[in-house]
Structures are given as structure tokens and as C-alpha cells.
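Enquirer: Residue numbers (UniProt numbering), protein chains in the order written: chain C, 1 to 215; chain E, 1 to 215.
These are computed hints drawn from the structure, not numbers from a lab. Among these hints, one or two may not hold up.
What the hints assert, rightly or not - Label-pair distances were calculated between CB atoms; the ranges are:
(1) E/Gly-168 with C/Gly-38: 20 to 30 Å
(2) E/Thr-97 with C/Lys-141: 26 to 36 Å
(3) E/Thr-122 with C/Ile-126: 16 to 26 Å
(4) C/Phe-191 with E/Leu-144: 17 to 27 Å
For glycine and all other residues, C-beta sits at the position ideal for the given N, C-alpha and C.
Protein chains: 2
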Amino acid sequence: MLPPALLLVVAVGAALLLAFRPPLPALAARPIVAAAGGKPAPTEAAATARWLAAQNTWGVLSTISSDLSGAPFGNVVSYSDGVPGESHGIPYFYLTTLDPTARDALEDERTSFTLSEFPLGTCGKIDPENPTCAKLTLTGKLKLIDPQSSEADLAKEALFTKHPEMEGWPKNHHFQIFKLEIKNIFLIDWFGGPKPISPTEYLEYEKNRALLKSS
Amino acid sequence: MLPPALLLVVAVGAALLLAFRPPLPALAARPIVAAAGGKPAPTEAAATARWLAAQNTWGVLSTISSDLSGAPFGNVVSYSDGVPGESHGIPYFYLTTLDPTARDALEDERTSFTLSEFPLGTCGKIDPENPTCAKLTLTGKLKLIDPQSSEADLAKEALFTKHPEMEGWPKNHHFQIFKLEIKNIFLIDWFGGPKPISPTEYLEYEKNRALLKSS
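Looking at chain C on its own, in the form it has when it is part of the complex:
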């Protein structure tokens, strides 16, 4: 039997090991897209689209401009599709009607949201317009989220973890949460034109991948 002093050292050591061990992998709750980190293969269209949405923090939101007689109007916005490491593919935005984009969407919901791989730095010396430097356009309806809903709470957490300064933005600017209800997906990630991905394939990417793995 160990002497009491040594026992104490062993007990303290074990407690420390338990306290500082890395967290157990929670694969069920953690989407594989974000966990994998690197860019998916070009053949993996849904994975690539989800990776672009998870990795970027800003993009261009295009609306039908009411100020400019119906011209398309692209605006730089920040977004989040989930807390870091748990992206779900739906982009949430924090917008004010002081800005034309939110005003436009409240009059005409038709909107597209465009992301590029280029600012992620993974295109290397490839030109931003080269089809192997991936680009994603999600088109659909920009919807205002009820601020009292549980979805608003989740969206706020998703936005404020990726964009901490948003939480301190002026209350009198009346920022509101919007989401893009995705109807159409345009992805270019290789030669040969856009890849056909349905909103369901995109949004249920983790579920489908889990089914494939278990079959």
C-alpha cells in the first residue's frame, strides 16, 4: 500500500488530469463540415457549400432596391450560420432599417447572398474568378425573425459569438435579426458549370452524411 503522502499526490494528479482532459468528441452535436476544417473535395458539392458558409463571416446581400427603382443592390454584411464549430447552413443577419438592405427586404423579400472562397486564403494564387476558387450564391427570401422566438435566441448566439462587437451596437439603431430562407443554390467549385444542390441536400448535409456512414 502507498504511504498517505504519495496517495495524496496521486489523488491530486488524477483530479488535475480529469479537470484538464480534452472534452469528449460530441460528434452527434457537431457538424462534420466544421470539424473537418479543410476545404472539401470539388466532387463534394453540398460539403463545399456548407464549408464556405461556415468559414466566412461576411458576404454580399443583394436586394431589389426601392431607392433605385428596382435595380439590384448588393451590400456588404456580416452573418453567422451557427456558433463556431456548429454551423447549420442558414445565414442569420443583424440589420437595421437605417440601411437600405433591410428596408428593401421588408418591401420585397427576394434576396441573394454571395460568398467567395478567396478571402479565406485557400485559393492561393488562383484568380478569384477562376472556377476552382469556390463561390456560392444562396437565393431566397430574407425574413425578419420574431425577436421573442427561440430561433431569435439561437441566431443571436450564432451572431454574437462570431461578431462580438454586434452586442454593443447602438440600441437606438434598432437592429433586427433576419434569415435567408434558401430556395436556390448556385455553387461553382470546379470547371464545368454550377453544381446542382437542392436546399434540402445543403441543409441536411450532416444528416445525409451520417446516414451514408452508417449504411
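Fit chain E to the supplied structure of chain C, relying on the hints for placement.
Expert: Below, chain E alone, put in the same frame as chain C:
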């Protein structure tokens, strides 16, 4: 008088100095925006807009989508507003009708082109949606350029110097040169809403600046 050996040393030294001296500044031919390099002050709205256009190499071109029943459609594209160091503010594009953006523009010219300061790295830790991280939307008409015109030659030089790989893009994709004829400028570079800049103020920025300096 110096001995011949020392004279030779002095002569060679002078020749080397002449050969490696920095080139004389050619201010007249070189727009001040690009020469200044750094971001203009937020009070300098036209300068900031021209700086964003000169420094970026890609942006999002939004058209009225014919494939998606008139929804706005943003697409990632490369562009150039002049050869490096000689930007003129008009964005030129190299597009193919294999891509929806060029097809849309040939049916409905109304287009906007959106740029962000964020990918330039000068926003630091400021959020991409923060108004002090500048954003520019140029709205107008996307026009096809006659390939036989002198403007097409200038545009090609502007594009191919900033995007060298474009010159080798497949001939059978029939890339064509387009330009944005600017009708409206939306610039956010500080708190307090968009800055009013007319297309003339934007396009004639160097001329006006030269006039101010000489008055």
C-alpha cells in the same frame, strides 16, 4: 587632382548610383489615389471610394436574374479599374455568357457592383459590417464593350495586368469585356449613413484634386 585608380572608382560608383536610383515620381500620369497607398481619411469620400476600387481585385456583381424570375443574383467576379498605379474608377470585367451574370446583363443592364475594405486587411479587428470598415456599391448599367474599340484594348490591359491568368482562359468560352456605367454611388466609410458622391465627383477625382492643389 585624384590619381587615375581613384577616379575609376568614383566613375564606377557614380554610374552605379545612376543605374540604381529610384525612378523619378511621375505624378502627372499617376493617379494620386494609388500613389498615396494608404486609406484616405473618412472625410474624403470620393478618395475613399476610388481607393476601394483601385485596391480590390474582386467583388460581387448583382444582376436581375432571368433564370430566377427576376430575383437579384450576386456573383463573385474579378475586375480592374486600370493598370496597377493608374486606376480610373470604371470597373471592367471579363465575363462569359456560360455564366448567368453576363446573360442577365444582356437582357437587363441594371447591375450593382459591391466592394468591401475587409479583404484588404486594413479594417483590423473591426467587424466587416461596422461602418468604419468601408463598403462601396456602384449601381448602373453593365455594358458590353465593342471588342474592336480602343476602350477594349485599354480594358484588356487593365484586366490582364491585374489578373494575368485571364489571358490564358479558354477561347471557346468566348469571354467578353463589360464595363459598369456608373449611375449611383453608395459609400459607407464612417458613422452617420452613406456619403453623397456623384459619379462625376468619383470619376473626376484626380482632376478635381489637381485643381484644388493649383488654386
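Enquirer: Could you say whether the range 26 to 36 Å given as a hint is met by the Cβ separation of E/Thr-97 and C/Lys-141?
Expert: Cβ of E/Thr-97 to Cβ of C/Lys-141: about 28 Å, so the range 26 to 36 Å holds.
Enquirer: Please test the hint of 16 to 26 Å on the beta carbon pair from E/Thr-122 and C/Ile-126.
Expert: holds (23 Å)
Enquirer: Take the C-beta atom of E/Gly-168 and the C-beta atom of C/Gly-38, compute their distance, and say whether it sits inside 20 to 30 Å.
Expert: Holds - the Cβ-Cβ distance for E/Gly-168 and C/Gly-38, about 28 Å, lies within 20 to 30 Å.
Enquirer: Given a hint of 17 to 27 Å, does the C-beta separation of C/Phe-191 and E/Leu-144 actually sit inside it?
Expert: Between C/Phe-191 and E/Leu-144, where Cβ atoms are some 24 Å apart, the hint holds.
Checked against the numbered hints given earlier, the structure satisfies every one of them.
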